[in-house]
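There are 2 protein chains.
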Amino acid sequence: MKATRLGILGLGTVGSGLVDLLEKGGANLRHRLDHEIRVTRALVRDDTRERRLPSSMVTTDPAQVIEADDVDVVVELMGGIEPARSYILRALGAGKSVVTANKAVLARHGAELLAASHASGRPIGFEASVCGGIPLLRAISTGLIADEVDQMVGILNGTSNFVLSRMHQDGLDYATAVALAQERGLAEADPTLDVNGSDAAHKLILLAEIMFQTAVGLDQIEREGIEAIEPIDIQTADSFGYVIKPVAVAKRVEDALDLRVHPALVPYTHVLGPVSDEYNAVLLRGEATGETLFYGRGAGSLPTASAVLGDIVELVRHPDWRIPWDPAKSTKVRHVPGTSRFYLRFPVHDRPGLIGKVATALGEHGVSITHAQARLVGAEGAAGNLTILTHVTSEPVIAQVLSKIEKTGAVRAPALSLRILD
Amino acid sequence: MKATRLGILGLGTVGSGLVDLLEKGGANLRHRLDHEIRVTRALVRDDTRERRLPSSMVTTDPAQVIEADDVDVVVELMGGIEPARSYILRALGAGKSVVTANKAVLARHGAELLAASHASGRPIGFEASVCGGIPLLRAISTGLIADEVDQMVGILNGTSNFVLSRMHQDGLDYATAVALAQERGLAEADPTLDVNGSDAAHKLILLAEIMFQTAVGLDQIEREGIEAIEPIDIQTADSFGYVIKPVAVAKRVEDALDLRVHPALVPYTHVLGPVSDEYNAVLLRGEATGETLFYGRGAGSLPTASAVLGDIVELVRHPDWRIPWDPAKSTKVRHVPGTSRFYLRFPVHDRPGLIGKVATALGEHGVSITHAQARLVGAEGAAGNLTILTHVTSEPVIAQVLSKIEKTGAVRAPALSLRILD
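Just so you know, the sequences run in chain order A and B.
Each step along the first sequence adds one to the number in the numbering used here, with nothing skipped, and position 375 is 375.
If you want the numbering used here, it's the position in the second sequence, counting the first as 1, plus 1000.
The hints are simulated quantities; they were obtained by calculation from the structure and are not laboratory data.
One thing to keep in mind: the hints can contain errors.
Using C-beta positions, here's what the derived DEER-type ranges look like [to be verified]:
| no. | chain 1 | residue 1 | chain 2 | residue 2 | range |
| --- | --- | --- | --- | --- | --- |
| 1 | A | His349 | B | Thr1269 | 35 to 41 Å |
| 2 | A | Ser394 | B | Gly1171 | 33 to 39 Å |
| 3 | A | Thr269 | B | Met1001 | 46 to 52 Å |
| 4 | A | Ala179 | B | Met1001 | 58 to 64 Å |
| 5 | A | Ile81 | B | Glu1254 | 47 to 53 Å |
| 6 | A | Glu36 | B | Ser1086 | 38 to 44 Å |
Here are the simulated DSS-like pairs of lysine-lysine, each with C-alpha atoms no more than 25 Å apart in a straight line [to be verified]:
| no. | chain 1 | residue 1 | chain 2 | residue 2 |
| --- | --- | --- | --- | --- |
| 7 | B | Lys1024 | A | Lys251 |
| 8 | B | Lys1407 | B | Lys1357 |
| 9 | B | Lys1404 | B | Lys1357 |
| 10 | A | Lys24 | A | Lys2 |
| 11 | A | Lys407 | A | Lys357 |
| 12 | A | Lys24 | B | Lys1329 |
| 13 | A | Lys404 | A | Lys357 |
| 14 | A | Lys24 | B | Lys1251 |
| 15 | B | Lys1002 | B | Lys1024 |
| 16 | B | Lys1024 | A | Lys329 |
| 17 | B | Lys1329 | B | Lys1251 |
| 18 | A | Lys251 | A | Lys329 |
The model shown is predicted, which means the values in this text are computed figures rather than measured ones.
Just so it is clear, CB atoms sit at the ideal spot from N, CA and C, and this is done for glycine as well.
Make the full structure from the sequences, and use the hints.
Below, the structure is given as structure tokens:
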């Protein structure tokens, strides 16, 4: 029986998950494929710690994995930019196929890695790098290839989604929800990259590159995190039938792409409405197929390892199989100010004439109010919030009017504005 | 530039959609693939009616398509069992690749068709046959191949889903909702196969065969239609936070498979909750990946044509690409009586002691009630309904107790029982 031998770079969460999957399901897979997939080498930081693999397989010397004769596929599960980038390049140079779950290195050095793959004739599989357990890149690049998919809205960051879900369902405040995510292993000690939209932006780069077959840079993505969202925002949204979700949007607008990551109010009845906790989902809009949604666990040891193994199986069955990707071809990307309804929260002190001041400024800019709610509990002059839902208007108009209201001194802090997804 | 030449059998809704897609997106596709896909022949019933294709391409003689030298791929879009089955066999025999959207012929003659495909070395592509525009078979058989997917619950019939959605959202009764579906082209003049679960059962056969790599027969699927559902069921379910959906279930239970099609109460917060109107969705549960959901249009001209074209593109790019399918290998399939909470509606006449009789019978069988609601409007003795939600119990117990209550003469018609999906 033929065999494919894996050299794993990094035996962390996903690497251990892969070893587990092969231990548990390897026999079944061998039977289905009439082909064996087994780990022969693994690079670790410290080879003295007891491991799941025999010590003869484990090394701290990258060359012992990347350039080993008994390795056919190098599985890069270290994450980060360096040395992941160099190791992938060396592996391709040594004639190995590569499978990786590393969105950061792909988003930043995609063109270089793909060129190396072409030069060596060896593939890079990277289904696991975007939304872990959801076979998303495969769906876009094969099942939907015959359609013109021109719009995507998704929940790409499980940590942010978990934090907002817990604030919504358990009434936690932001800090407590983040602490809970950390306790559950869903957020790093420093959760910044998850909650400020950077992680979602990396995934959005890859998704947009596959969807539109073009190169996208991190600086071309407008980013807004979830840090400013307070329980009152969650409650007010809820009272109007909305739930706040961390969304990412990619759409074609005339000759350019509009790429954005920000929290938004999503109606309960929307298909993204019940996408909670650490789950991810991607809603595509194609000319022929209409709406298609893909939902699942975006991260985690076993879902990600399963996606990695899916790529390996595909390469076993169809050695010439590739996901079409062209990160060298550049295109225009620009932020096209969108129009939508808006949720606005003005932190205020309860003073006579306050609501009139805010409402008048909005009216003067042609922004029409559908709902307004003042929560000014306590004595006159106490801190409170004025929340407003608007009719459809444009982003620049909202920016202008918020800046104007801030200058009048009517608010005690800058207003929060969130788009409403209808 | 190389070309793949299509011979289409049937220029109905999907066939015309395919011609449209190629006209509109053909140039783009040619550019992406460096390969041309074009229609050269089409079989129609009546070649005197004006058509979208030049008359030289259109014929009423199947041999002129199936055995034509200038056809590489035969695209079967006629539907039904015969002559679709014979034409597919002839096409494979003539060395053509086949792409089909015909779930009925695949569900019934899968083993024969696959054997012919193996014998000829030519593939059969059939992504379009299950849930039209959703690249589902591909996802299960490639992206999730490394996982053990052991459970599926989905909404596979768009017509039933549309009917129940309109009853729910517009307050229509069953007959009016069916008429609306017919008006919108979502239901046939005779909607029986859609509303009684047969269409969903055909799709479930194919899905289960791909998920579990085994043969499944139509008689192995327990079927229940949506015909008995009344507005009061929709309203009562709604008042408890549920929406009634037409679901299909496939799961592995010990050494057998349990396969079922029936309506069920789905919580609003469930991911299947917002799947409305003609949309389909499939929720898979894998050991490693956890829950994954695929959602989209399950039927319609362009979504289905897009899936057909997706298969053709895959065969252009990777001629040896196949969806693993083994409809010759049989396995045990048996209905395993499940446990769940139940919704029960007893059509009654308002008489003293009635509620006591029903409640007592339930109690004697150990069925515990969580909610009960009597709507006995009008004079004493008038027709009304008693609706009950139970704690978790088993199907045989419910069947027993309903039969017993019927015998007491307490009800004016057999009770309706629906499972609750929690």
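Outcome of the hint check:
1. His349/A - Thr1269/B: 35 to 41 Å: holds, 38 Å
2. Ser394/A - Gly1171/B: 33 to 39 Å: The hint (33 to 39 Å, Cβ to Cβ) holds, given that Ser394/A and Gly1171/B are roughly 37 Å apart.
3. Thr269/A - Met1001/B: 46 to 52 Å: Roughly 47 Å apart at Cβ, these two residues keep to the hinted range, so it holds.
4. Ala179/A - Met1001/B: 58 to 64 Å: holds, 59 Å
5. Ile81/A - Glu1254/B: 47 to 53 Å: Holds, at about 48 Å.
6. Glu36/A - Ser1086/B: 38 to 44 Å: holds, 41 Å
7. Lys1024/B - Lys251/A: This hinted pair holds, its Cα atoms lying about 20 Å apart.
8. Lys1407/B - Lys1357/B: Holds: Lys1407/B and Lys1357/B sit about 12 Å apart, inside 25 Å.
9. Lys1404/B - Lys1357/B: holds, 11 Å
10. Lys24/A - Lys2/A: Status holds; Cα separation ~20 Å.
11. Lys407/A - Lys357/A: holds, 12 Å
12. Lys24/A - Lys1329/B: Given that 25 Å is the threshold and the Cα spacing comes to 24 Å, the pair holds.
13. Lys404/A - Lys357/A: Between Lys404/A and Lys357/A the Cα gap is close to 11 Å, so the pair holds against 25 Å.
14. Lys24/A - Lys1251/B: holds, 20 Å
15. Lys1002/B - Lys1024/B: This hinted pair holds, its Cα atoms lying about 20 Å apart.
16. Lys1024/B - Lys329/A: holds, 24 Å
17. Lys1329/B - Lys1251/B: The hint holds at about 18 Å.
18. Lys251/A - Lys329/A: holds, 18 Å
Comparing the model with each earlier hint shows no violations; every hint is respected.
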